[in-house]
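Top to bottom, those sequences are chains A and B.
In case it helps, my numbering puts the first sequence at residues 3 to 238.
In case it helps, my numbering puts the second sequence at residues -6 to 290.
Think of the hints as simulated: they come from the structure by calculation, not from any bench.
Using N, Cα and C, we set each Cβ at its ideal position, and we do this for glycine too.
Among the clues, some could well be false.
Computed footprint of chain A on chain B, listed as stretches where at least three residues anywhere in the stretch have a Cβ under 8 Å from a Cβ of chain A [claimed, not checked]:
1. 159 to 168
2. 175 to 182
Far from chain A, by Cβ distances over 12 Å, these chain B residues were calculated [said to hold, decoys possible]:
3. L0
4. I30
5. S89
6. I95
7. K114
8. Y171
Here are the in silico distance ranges between beta carbons for each label pair [unchecked claim]:
9. A:E65 x B:N84: 21 to 31 Å
10. A:G218 x B:N84: 36 to 46 Å
11. B:N152 x A:V130: 20 to 30 Å
12. B:S85 x A:E65: 31 to 41 Å
13. B:W57 x A:K109: 29 to 39 Å
14. B:N152 x A:H12: 31 to 41 Å
15. A:G166 x B:S85: 47 to 57 Å
16. A:K109 x B:R262: 46 to 56 Å
17. A:I16 x B:G110: 49 to 59 Å
18. A:K70 x B:F108: 54 to 64 Å
19. A:N92 x B:I150: 15 to 25 Å
20. B:R76 x A:G21: 45 to 55 Å
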Amino acid sequence: MLTINNLSVHYGGIHALKGINLEVPQNKIVTLIGANGAGKSSTLKSIMGLAKASGGSIKFNGEDIVNKPTTNMVSKGLVLVPEGRRVFSNLTVEENLFLGAYLRKNKEEITKDLNWVYELFPRLKERVWQKAGTLSGGEQQMLAVGRALMSKPKLLMMDEPSLGLAPLIVKDIFGIIKEIHRNGMTILLIEQNAKAALEVADYGYVLETGSITLEGPGKELMVNDEVQKAYLGEHK
Amino acid sequence: MSFQTFLQHLVNGISLGSLYALLAIGYTMVYGILRLINFAHGDIFMLATYIAFYSITTFLLPWWAAFLIAIILTALLGILLERAAYRPLRNSPRISIMISAIGASFLIENLAIVFFGGRPKAFPIAPIFSKIVRIGDVSISIVTIIIPIITVIALVILNFIVNKTKTGMAMRAVSKDYDAAKLMGININHIISFTFGTGSALAAIGGIMWALKYPQLIPLMGVMPGLKFFIAAVIGGIGNIKGAVLGGFILGLGEIAIVASSPALSGYRDAFAFILLIIILLVKPTGLLGQNSAEKV
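Required output: the full structure, derived from the provided sequences and hints.
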């Protein structure tokens, strides 16, 4: 579905991505793990057209999408839940969700998806009229995911959905990710929480300082020595 | 002071406050979305009056057609201003775009002197607007009454656009977070153009009514009022539309109160605005309705 070839990103003099290759097949959960500053967010940003790629290609269903405007990506079905949630704190929960459906015209389908989002996140339904800025961190993350679902994504990308959340909430969020996946969604997940990410993922990539150093099925990476040492804490 | 005189001043104050409010909104909307003080806003206001003037005197259009054309053309000029002076600097440091705003302001003023001439022009006032109505012992020119009415109508429409339409929702989203708004598929450039268009249309409405009240046009007529509109926006809390309206009325009523309380003080009318600004900046720098910029992380 999504194929990245030799993608490079520069920020001024900094070479953030040094030619990475990545493949997200249809109906799979693929995860990209790595430490701070490894280039995980840069990868997502360049897919969405928020960061300029300095080389390489990104193909979505065979179509080259590198360095196209973000609004085109959204209309093609590429949707990103950004790092740090980035909900519109000055808007109500419902307005945030409707903004997710900004490019969509079919009112019936929008209402259907809105109900689906409320089913997934009953907490949001209780808070429809509340300003998003008054929600707790976990609720804001739910809203960010719900808002992305309202865009009717074909490929849902998530940037550190567990960041700064209590362990119980993290469990909820990953439960939701599995649930969305069962509905047939293709997901590209970026995480520092390598254990949780590899548990749900079909395939994983390890990114270190701008290059992919390891890749393999999620279960294999979980037991890989280097991954264990670097991200999961060494087991005796 | 007799009750009649008081009413007379009150009506004048509300009328002047309405004009300040309409123009302050333009400053506050642009600031809300671009974090930019659009110093050329007062000159956009001036251009609107000249467009209406030439539509009536040179093209011999009826007053309503001239006003409509002035509003539409001014909105387009506002959009053009953003395209030419601000968009190329969107990713530059904020100081650059501010300098560009000052430059745009000087350019418009001087082009106006070249094309319209430096000599004052008398704004042609249709007979409907020069009537005087008497309510009890209070006599008021019809313009003074129309101004607040038009202002309220404009504010209701603006409120509807900002709070009830999809574009308004997008505007509020863009003012909070550019990148997140882009991720919703919102075209930032369209929303910014729309904001400049709306702000400039309000400036045109305000400008035309200003010209009906003070019918003398000069190319620099936007300078001093422009500063006051800006002050009104700051008093209310820049970036906040309700704040701009509040600031406008406080400033308008305050100025009239100064003049009314003692004719000797009328020379200090302009100073009042600046003293008020200094006090606000000392006591509540974010303005009366301004929010603290500290955010939950």
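A quick look at each hint next to the structure:
1. 159 to 168: With 6 residues close enough to chain A, the hint holds.
2. 175 to 182: holds (count 6)
3. L0: holds, 40 Å
4. I30: Since the minimum Cβ distance to chain A is about 21 Å, B:I30 lies beyond 12 Å and the statement holds.
5. S89: holds, 18 Å
6. I95: holds, 29 Å
7. K114: holds, 44 Å
8. Y171: violated, 10 Å
9. A:E65 x B:N84: 21 to 31 Å: holds, 28 Å
10. A:G218 x B:N84: 36 to 46 Å: holds, 40 Å
11. B:N152 x A:V130: 20 to 30 Å: Holds - the Cβ-Cβ distance for B:N152 and A:V130, about 21 Å, lies within 20 to 30 Å.
12. B:S85 x A:E65: 31 to 41 Å: About 33 Å separates the Cβ atoms of B:S85 and A:E65, which means 31 to 41 Å holds.
13. B:W57 x A:K109: 29 to 39 Å: At 37 Å between Cβs, range holds.
14. B:N152 x A:H12: 31 to 41 Å: violated, 45 Å
15. A:G166 x B:S85: 47 to 57 Å: 32 Å Cβ-Cβ, so the 47 to 57 Å window is violated.
16. A:K109 x B:R262: 46 to 56 Å: Because 54 Å falls inside the window, the suggested range holds.
17. A:I16 x B:G110: 49 to 59 Å: Cβ of A:I16 to Cβ of B:G110: about 55 Å, so the range 49 to 59 Å holds.
18. A:K70 x B:F108: 54 to 64 Å: Given about 42 Å between the Cβ atoms, the range is violated.
19. A:N92 x B:I150: 15 to 25 Å: holds, 21 Å
20. B:R76 x A:G21: 45 to 55 Å: violated, 37 Å
Consistency note: the structure conflicts with the earlier hints numbered 8, 14, 15, 18, 20.
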